[in-house]
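Protein chains: 2
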Amino acid sequence: MMEFRVWAPRAGSVELALAGERRAMTSEDGGWWSVEAAAADGDAYAFVIDGDELPDPRSPAQPDGVHARSRVVDHGARTWTDAGFVAEPLERAVLYELHVGTFTPEGTFDAAIGRLRHLRELGVTHVELMPVNAFDGTHGWGYDGVALFAPFAPYGGPDGLARFVDACHAHGLGVVLDVVYNHLGPSGNYLGRFAPYFTDRYRTPWGDAVNFDDAYSDEVRRFVVDNAVGWVRDFHVDGLRLDAVHAIFDGSATHLLEELTREVHAAAEALGRRAVVIAESDLNDPRLLRAPAAGGYGLDAQWSDDFHHAMHAVLTGERHGYYEDFGSLADLARAFEHAYVYDGRYSRHRKRRHGRPATGLDGSRFVVSLQNHDQVGNRARGERIAQLVSPERARIGAALLLLSPFVPLLFQGEEWAATAPFRYFTAHADPELARAVREGRRREFAAFAWQGPVPDPQDLQTFVCSKLDWSESGREPHASMLRWYRDLLALRSREPELGDRTLLHTRVRFDEDAGWLALHRGTLVVVCNLADVERRIGTGAERRLLLASGVARVEGEQVILGANAVAVLAPAR
Amino acid sequence: MMEFRVWAPRAGSVELALAGERRAMTSEDGGWWSVEAAAADGDAYAFVIDGDELPDPRSPAQPDGVHARSRVVDHGARTWTDAGFVAEPLERAVLYELHVGTFTPEGTFDAAIGRLRHLRELGVTHVELMPVNAFDGTHGWGYDGVALFAPFAPYGGPDGLARFVDACHAHGLGVVLDVVYNHLGPSGNYLGRFAPYFTDRYRTPWGDAVNFDDAYSDEVRRFVVDNAVGWVRDFHVDGLRLDAVHAIFDGSATHLLEELTREVHAAAEALGRRAVVIAESDLNDPRLLRAPAAGGYGLDAQWSDDFHHAMHAVLTGERHGYYEDFGSLADLARAFEHAYVYDGRYSRHRKRRHGRPATGLDGSRFVVSLQNHDQVGNRARGERIAQLVSPERARIGAALLLLSPFVPLLFQGEEWAATAPFRYFTAHADPELARAVREGRRREFAAFAWQGPVPDPQDLQTFVCSKLDWSESGREPHASMLRWYRDLLALRSREPELGDRTLLHTRVRFDEDAGWLALHRGTLVVVCNLADVERRIGTGAERRLLLASGVARVEGEQVILGANAVAVLAPAR
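Those sequence lines, one after another, are chains A and B. Position in the first sequence (first residue = 1) + 587 = the numbering used here. Position in the second sequence (first residue = 1) + 587 = the numbering used here.
Some hints could be false.
Same chains, same label: a pair holds when it works inside one copy or across any pair of copies.
[Stated by the list, open to error] Capping the alpha-carbon separation at 25 Å, the derived lysine to aspartate or glutamate pairs in DMTMM-like fashion look like this: (1) Lys-938 <-> Asp-813; (2) Lys-1054 <-> Glu-970; (3) Lys-938 <-> Glu-1142; (4) Lys-938 <-> Asp-637; (5) Lys-938 <-> Asp-1046; (6) Lys-938 <-> Glu-1026; (7) Lys-938 <-> Glu-846; (8) Lys-938 <-> Asp-869; (9) Lys-1054 <-> Asp-918; (10) Lys-938 <-> Glu-850; (11) Lys-938 <-> Glu-1031; (12) Lys-1054 <-> Glu-693; (13) Lys-938 <-> Glu-905; (14) Lys-938 <-> Asp-616; (15) Lys-938 <-> Glu-911; (16) Lys-1054 <-> Asp-795; (17) Lys-938 <-> Asp-805; (18) Lys-938 <-> Glu-845; (19) Lys-1054 <-> Asp-813; (20) Lys-1054 <-> Glu-1129; (21) Lys-938 <-> Asp-630; (22) Lys-1054 <-> Glu-1026; (23) Lys-1054 <-> Asp-1043; (24) Lys-938 <-> Glu-678; (25) Lys-1054 <-> Glu-850; (26) Lys-1054 <-> Asp-961.
For the record, the hints were derived by calculation from the structure and aren't laboratory data.
Here chain A stands alone, though its shape is the one from the complex:
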């Protein structure tokens, strides 16, 4: 016998639909309903709320899609081979973001396992999976999740995810999972039929906000915290990346993020593992990272978009949209030395002051990238940096990223300058929704017509063309880019000074007019010439070359760099 439970505090009657039968469930304290029934792994079931049959809000599997019956899953029945595995701490982490559906031609967890050796050899420490929660349709980015506890069936469902994590661990790789707690997708979201999961107190760009502080919010918070803890406990993940926490509105005295982080940490610790909580945050607010004793939420790290934008604007020269706030070498220097470029400064793009200094927080608290799913995918045509700038400039970006004092994140295929774009793709069955998404996307990019025509997110080809072509990685010019990434990551892990995460120890010198920048990491220095002509750059001490891209020659304490060259220098012996 197995106990089925569901929270439906305002329902008049709740039944369990199992096989051909419906059984009345018993109302319990706090709006919960329960019933015992004979059921086994894989059995289909649903809850019937006042006569309407609906999938379980906490469904562990939706093999037939998000509208169909849920399936019983016995997480305890799985065999794991990862006893004793502990992921690298963030101080030594290099993340690799991948989207299961486009990472391989097959688009499954099992196919992705075949590429783990590549990742290990590349030098990354963690895979970061874009959301794997079930969403409507056959493919999509995953941020439209509606069955938050059910790994997406086309990827391989719960067993596929478990096999993937176990294989990552066997390869010495940790797994960070992208989870979305700020909204639910537009199709297949039945939560509101069960309980007040949503509130109209706040507005998100994607509709009603999740109810984290209004009446009945305790159980909504529990739903989210249990989800977070479940990934750690049942799927052995080593960390969570929380999507857009600035759209998680919570005015209560203990913010959801503080509660969630505390519980995730505690759950991992109780299991003898480590699990980190990383936020995507648009707030530049160090409160997320500070300890609860200092009034913070205690998260382990946050994404730092300022770093990306400062780098992207310098490398590409683009100044549209939010890039209008960036573009100078001074901004890039601030990103290296202070993490936040906007730490209380006036932002032209936001038309207000933004952020607060991250004083005292070290580089292991900030995940930085040159490319990620958002920055690539949220362009009209999903171009990667290698499609926007010369290979030489892309290499400068890689060097600054991977030799930074922060936690670098690579985006799938970045390491070999993959030619596949990463476009925004959806597969909504509902024609109304499909039209809304298509038109919304067009409207969004109306102001950026120079980026070219906007591909239709609903066109299957938009998805298919975003899949990586792994055959490239062995061919030039991709193979040499791959060597560059490997060399940089090897250097990062070999040189103790590159392991120093104290931002106060990071110093950047630059000449805005001459177009060069030197990143000092202890006695090492990464010198970049962003100009289109050769530059002679002083480095303050006698040097020798450790690694270079392009023309680089050392003369005493000076380095001569060709146009768009970058060199890593150590003190002369």
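Please build the complex by placing chain B on the supplied structure of chain A, with the hints as guidance.
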């Protein structure tokens, strides 16, 4: 010549209307417009935004109402007699909340001055004025303010307010001013015609939220902070009471409340004065009070509704609305020992957990009351506690309030058990708005029909009957209640142990079934018998009587209290 300035970042043209002329204003950086013109104190002016003549958002005076032209006011021209005055710190403060329009028959600042001696003799240290900002109509509570910098003309305008504050200081009384930064009133609010003062990102019970974190919010924040600082600088007020800060939504890294408090403190300090910032907060969140170094906003104090509700529910036996969360002596004991009764506990009324422990914060950080404008006025018929319970029970409430470790606040007339109710009254000229308010009020109290018919807020009589009848205060039974309040306040200021604000030193013993409660303040003890029969209560040591209401007799370490009696006991000599 005088400079006129206004912020109108999206206006195509702005003119100054002064006397019979309109002069073009010059566009400056940041959306400001300015012009110099010859003008003197009292001159009427307006700004013309794209052809529409509107009062100044920062108007210092609106003698002809909130829709009419603004007036020039030279704050520097006033004579003050309060040099060197510094208000009592909150540790020693007793606040007295008054509504200028009903405190005296005349309803003016000048008439209120005539009652300051009464307040001083009563033993209060600060007057707390309900909002004096200009609002539409001839009378009202003041929370519908629209000209936030202009003291309400019917009360006496800016000069009247200045005379009142100066007179308070001459009587040794500080002045705390109630200010409303969470919304603006429904009539005469022209701010949106000037700039994006409002946002639809958040929902308040009173309409659009003020824009504290969206585009253009820097100047909106400046508007509010300048307003707060202006009361201190131009009107010498000694503190601000911020209305409903839980409806001040600000997701930015530095919360408006932190910025405002820092600036108010700094402005007062620069002037050699002291100004406190007190929040009305429904959050039970100690972050408001903690120091910025500990991740807090650094406010001086907050209202503690939990104290009121715990006391009210015990004294009256009422359990409707939010009182359903209170009613036990255990709750009242928690209020005394921990300030927040709900510090993470589940609240039935809110249908969620609420609050967070206020660990380490002392009693001077919490303003408590037995009655205040909200708790009296937000009943259908505006009854005071003395209309709801026997005089004996009201005296118990007064003793617990005034001998508590917190900052007590009295509501006008409470000290003599005034018979005037304090009802919700408005004077909206717009018939639509008048109807909406009338019907809204009726709807609000539909569930509380037992409170009696809901008076019409628009009926002049609803306002008039809320005015205090001062002749009562010298007559019995009012005179003896007044003596009781005076005696309690005298005791509070005389006994050093009652000045101890450390909540850890406060201990409450009670017997829920027998209905008695003993509040220990050092070696002193306040013992209340809330039962309808005599009780014999142990006090742990030989005692003598300091003060009592009702039948009270000491026998060794025991006190015998008649029904609804209260006694203050000291150790036997």
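Comparing the hints with the structure gives:
1. Lys-938 <-> Asp-813: Result: close only across copies, 20 Å inter versus 38 Å intra.
2. Lys-1054 <-> Glu-970: within (13 Å within a copy, 71 Å between copies)
3. Lys-938 <-> Glu-1142: neither (47 Å within a copy, 72 Å between copies)
4. Lys-938 <-> Asp-637: Between. Shortest inter-copy distance 22 Å satisfies the 25 Å Cα cut-off; intra-copy 49 Å does not.
5. Lys-938 <-> Asp-1046: Close neither inside one copy (36 Å) nor across copies (46 Å); limit 25 Å.
6. Lys-938 <-> Glu-1026: neither (27 Å within a copy, 40 Å between copies)
7. Lys-938 <-> Glu-846: between (32 Å within a copy, 18 Å between copies)
8. Lys-938 <-> Asp-869: within (15 Å within a copy, 31 Å between copies)
9. Lys-1054 <-> Asp-918: neither (34 Å within a copy, 62 Å between copies)
10. Lys-938 <-> Glu-850: between (37 Å within a copy, 22 Å between copies)
11. Lys-938 <-> Glu-1031: Classified as within; 19 Å inside a copy, 40 Å across copies.
12. Lys-1054 <-> Glu-693: within (9 Å within a copy, 79 Å between copies)
13. Lys-938 <-> Glu-905: within (19 Å within a copy, 50 Å between copies)
14. Lys-938 <-> Asp-616: Only across copies: Lys-938 and Asp-616 sit 13 Å apart there, 49 Å inside one copy, limit 25 Å.
15. Lys-938 <-> Glu-911: within (11 Å within a copy, 45 Å between copies)
16. Lys-1054 <-> Asp-795: Close neither inside one copy (32 Å) nor across copies (45 Å); limit 25 Å.
17. Lys-938 <-> Asp-805: Between copies only: 8 Å across, 36 Å inside.
18. Lys-938 <-> Glu-845: Between copies only: 21 Å across, 29 Å inside.
19. Lys-1054 <-> Asp-813: The answer is neither: 33 Å in one copy and 55 Å across copies each exceed 25 Å.
20. Lys-1054 <-> Glu-1129: This pair counts as neither: shortest intra-copy Cα distance 46 Å, inter-copy 86 Å.
21. Lys-938 <-> Asp-630: neither (54 Å within a copy, 35 Å between copies)
22. Lys-1054 <-> Glu-1026: within (24 Å within a copy, 61 Å between copies)
23. Lys-1054 <-> Asp-1043: within (16 Å within a copy, 68 Å between copies)
24. Lys-938 <-> Glu-678: neither (35 Å within a copy, 42 Å between copies)
25. Lys-1054 <-> Glu-850: neither (36 Å within a copy, 55 Å between copies)
26. Lys-1054 <-> Asp-961: within (16 Å within a copy, 62 Å between copies)
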